[in-house]
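For reference, each letter of the sequence shown is one residue, going -21 to -1, 1 to 129 in mature numbering (1 follows the signal peptide of the UniProt record, and there is no 0).
No lab work stands behind these hints: they were computed from the structure. A hint or two may mislead.
Capping the alpha-carbon separation at 27 Å, the derived lysine-lysine pairs in DSSO-like fashion look like this [stated by the list, open to error]: (1) Lys19 x Lys42; (2) Lys123 x Lys76; (3) Lys91 x Lys15; (4) Lys91 x Lys127; (5) Lys19 x Lys46; (6) Lys15 x Lys127; (7) Lys46 x Lys70; (8) Lys126 x Lys76; (9) Lys91 x Lys123; (10) Lys19 x Lys127; (11) Lys42 x Lys76; (12) Lys126 x Lys46.
On a predicted model such as this, the values are computed, not experimentally measured, just so you know.
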Amino acid sequence: MRARMGILALPALLATLVACGNEAPQQVAQQEVPVKAEVKIAQSDLGPILVDQSGRTLYAFTKDENKSNACDADCIAVWPALTAQSEVEAKDGADTKLVSQIEESSQAVYGKWPLYYYVGDQVPGDLNGQGVDDEWFAIAPDGKLVKKTS
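Full structure from sequences and hints, please.
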(Lines of atoms letter the chains of each structure in order from A and count residues from 1; the text may use other names and numbers.)
(Lines give C-alpha, C1' and ligand atoms only; values in the text may rest on other atoms or scores of the structure.)
Protein backbone atom coordinates (compact mmCIF):
# COMPACT_ATOMS: atom_id res chain seq x y z
CA MET A 1 0.00 0.00 0.00
CA ARG A 2 2.79 2.46 0.91
CA ALA A 3 4.63 1.68 -2.32
CA ARG A 4 1.49 2.47 -4.34
CA MET A 5 1.03 5.80 -2.48
CA GLY A 6 4.64 6.71 -3.30
CA ILE A 7 4.14 5.84 -6.96
CA LEU A 8 0.91 7.83 -7.07
CA ALA A 9 2.63 10.86 -5.51
CA LEU A 10 5.50 10.77 -8.01
CA PRO A 11 3.61 12.45 -10.92
CA ALA A 12 2.51 15.30 -8.63
CA LEU A 13 6.10 15.81 -7.47
CA LEU A 14 7.37 15.83 -11.06
CA ALA A 15 4.69 18.32 -12.10
CA THR A 16 5.75 20.62 -9.26
CA LEU A 17 9.41 20.41 -10.27
CA VAL A 18 8.60 21.10 -13.93
CA ALA A 19 6.44 24.09 -12.94
CA CYS A 20 9.23 25.48 -10.77
CA GLY A 21 11.71 24.97 -13.59
CA ASN A 22 9.66 27.24 -15.84
CA GLU A 23 10.12 30.20 -13.47
CA ALA A 24 13.91 30.42 -13.66
CA PRO A 25 14.17 32.06 -17.13
CA GLN A 26 11.78 34.83 -16.04
CA GLN A 27 13.92 35.56 -12.98
CA VAL A 28 17.07 35.70 -15.09
CA ALA A 29 15.40 38.08 -17.54
CA GLN A 30 14.57 40.48 -14.69
CA GLN A 31 18.24 40.58 -13.64
CA GLU A 32 19.61 41.52 -17.08
CA VAL A 33 22.08 44.37 -17.25
CA PRO A 34 20.50 47.52 -18.74
CA VAL A 35 21.92 48.68 -22.07
CA LYS A 36 22.45 52.28 -20.97
CA ALA A 37 22.93 54.09 -17.67
CA GLU A 38 23.38 57.75 -16.81
CA VAL A 39 24.69 59.49 -13.73
CA LYS A 40 23.88 63.10 -12.95
CA ILE A 41 23.93 65.58 -10.09
CA ALA A 42 20.78 66.41 -8.13
CA GLN A 43 20.09 68.62 -5.14
CA SER A 44 19.23 66.81 -1.91
CA ASP A 45 19.05 67.42 1.84
CA LEU A 46 22.77 66.54 1.81
CA GLY A 47 23.56 69.08 -0.90
CA PRO A 48 24.41 68.12 -4.48
CA ILE A 49 24.82 64.34 -4.90
CA LEU A 50 25.16 61.74 -7.62
CA VAL A 51 21.95 60.05 -8.83
CA ASP A 52 20.95 57.87 -11.78
CA GLN A 53 18.78 58.93 -14.73
CA SER A 54 15.63 58.34 -12.62
CA GLY A 55 16.86 60.45 -9.70
CA ARG A 56 17.66 57.47 -7.46
CA THR A 57 20.52 58.09 -5.04
CA LEU A 58 23.81 56.33 -5.78
CA TYR A 59 26.07 55.22 -2.94
CA ALA A 60 29.70 54.28 -2.38
CA PHE A 61 30.95 51.53 -0.07
CA THR A 62 33.99 52.55 2.00
CA LYS A 63 35.44 49.01 1.79
CA ASP A 64 35.78 49.37 -2.00
CA GLU A 65 39.25 50.48 -2.98
CA ASN A 66 40.50 51.97 -6.24
CA LYS A 67 37.59 51.06 -8.49
CA SER A 68 37.33 47.50 -7.14
CA ASN A 69 34.14 45.99 -5.77
CA ALA A 70 34.34 44.51 -2.23
CA CYS A 71 30.57 43.90 -1.97
CA ASP A 72 29.85 40.12 -1.82
CA ALA A 73 26.61 38.32 -2.81
CA ASP A 74 24.87 39.06 0.52
CA CYS A 75 25.89 42.70 0.23
CA ILE A 76 24.69 42.99 -3.40
CA ALA A 77 21.27 41.68 -2.33
CA VAL A 78 20.84 44.86 -0.24
CA TRP A 79 23.09 47.17 -2.26
CA PRO A 80 22.58 46.34 -5.97
CA ALA A 81 25.25 47.67 -8.30
CA LEU A 82 24.56 50.24 -11.02
CA THR A 83 25.53 48.37 -14.20
CA ALA A 84 25.22 48.94 -17.96
CA GLN A 85 26.10 46.98 -21.09
CA SER A 86 27.42 50.10 -22.83
CA GLU A 87 29.28 53.03 -21.36
CA VAL A 88 27.81 54.94 -18.47
CA GLU A 89 27.18 58.56 -19.44
CA ALA A 90 27.73 61.65 -17.29
CA LYS A 91 24.88 64.19 -17.52
CA ASP A 92 23.62 67.31 -15.72
CA GLY A 93 26.72 68.34 -13.79
CA ALA A 94 28.39 64.93 -13.39
CA ASP A 95 32.06 65.03 -14.39
CA THR A 96 32.73 62.92 -17.50
CA LYS A 97 36.35 62.47 -16.41
CA LEU A 98 35.19 60.72 -13.23
CA VAL A 99 32.85 58.21 -14.92
CA SER A 100 34.12 54.73 -15.83
CA GLN A 101 33.19 51.06 -15.49
CA ILE A 102 34.68 47.91 -13.99
CA GLU A 103 35.20 45.80 -17.13
CA GLU A 104 34.47 42.33 -15.75
CA SER A 105 31.19 43.33 -14.06
CA SER A 106 30.00 46.36 -16.10
CA GLN A 107 29.54 48.19 -12.78
CA ALA A 108 29.57 51.97 -13.03
CA VAL A 109 32.29 53.88 -11.17
CA TYR A 110 32.48 57.56 -10.23
CA GLY A 111 35.94 58.74 -9.26
CA LYS A 112 37.32 55.73 -7.42
CA TRP A 113 33.93 54.52 -6.15
CA PRO A 114 31.88 51.67 -7.67
CA LEU A 115 28.22 52.75 -7.58
CA TYR A 116 25.33 51.09 -5.75
CA TYR A 117 21.66 51.56 -5.02
CA TYR A 118 20.07 50.83 -1.63
CA VAL A 119 16.98 48.59 -1.55
CA GLY A 120 15.61 50.69 1.32
CA ASP A 121 15.26 53.70 -1.00
CA GLN A 122 11.72 53.50 -2.35
CA VAL A 123 11.46 56.61 -4.52
CA PRO A 124 13.84 59.02 -6.27
CA GLY A 125 15.42 61.35 -3.74
CA ASP A 126 15.33 58.88 -0.83
CA LEU A 127 18.53 58.89 1.25
CA ASN A 128 17.81 55.90 3.51
CA GLY A 129 21.20 54.33 2.77
CA GLN A 130 23.19 57.39 3.86
CA GLY A 131 25.62 56.50 6.64
CA VAL A 132 24.43 52.89 7.05
CA ASP A 133 26.97 51.03 9.22
CA ASP A 134 29.18 54.11 8.77
CA GLU A 135 30.27 52.48 5.45
CA TRP A 136 27.74 53.67 2.85
CA PHE A 137 27.62 57.26 1.63
CA ALA A 138 26.22 59.39 -1.18
CA ILE A 139 28.79 60.87 -3.54
CA ALA A 140 29.44 64.56 -4.21
CA PRO A 141 30.00 65.99 -7.73
CA ASP A 142 33.78 66.00 -7.12
CA GLY A 143 33.78 62.24 -6.41
CA LYS A 144 34.23 62.58 -2.65
CA LEU A 145 31.94 60.94 -0.11
CA VAL A 146 29.23 63.02 1.52
CA LYS A 147 29.56 62.03 5.17
CA LYS A 148 26.91 64.28 6.71
CA THR A 149 23.36 63.15 7.43
CA SER A 150 20.15 64.78 6.27
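Evaluated hints:
As the CA atoms of Lys19 and Lys42 are separated by approximately 23 Å, the hinted pair is consistent with the 27 Å bound. This hinted pair checks out: Lys123 and Lys76 have alpha carbons roughly 14 Å apart, not beyond 27 Å. The suggested pairing of Lys91 with Lys15 holds, with an alpha-carbon distance near 20 Å, which does not exceed 27 Å. A hinted pair counts as satisfied when its Cα atoms are at most 27 Å apart, and Lys91 with Lys127 qualifies at roughly 20 Å.
The hinted pair formed by Lys19 and Lys46 meets the criterion: a straight-line CA distance of about 19 Å does not exceed 27 Å. Distance restraint check for Lys15 and Lys127: the Cα-Cα separation of roughly 30 Å exceeds the 27 Å cut-off, and the hinted pair is therefore not satisfied. About 20 Å separates the Cα atoms of Lys46 and Lys70, which keeps this hinted pair within 27 Å; it holds. Only pairs whose Cα atoms come within 27 Å are accepted, and Lys126 paired with Lys76 is accepted, the gap being roughly 23 Å.
In summary, the hint linking Lys91 to Lys123 is supported, as the alpha carbons are separated by about 9 Å, within the 27 Å threshold. As the CA atoms of Lys19 and Lys127 are separated by approximately 20 Å, the hinted pair is consistent with the 27 Å bound. Proximity of Lys42 to Lys76 is assessed by CA-CA distance (about 23 Å); at most 27 Å being required, the pair is judged to hold. Between Lys126 and Lys46 the CA atoms are separated by roughly 19 Å; this keeps the pair inside 27 Å, and the hint holds.
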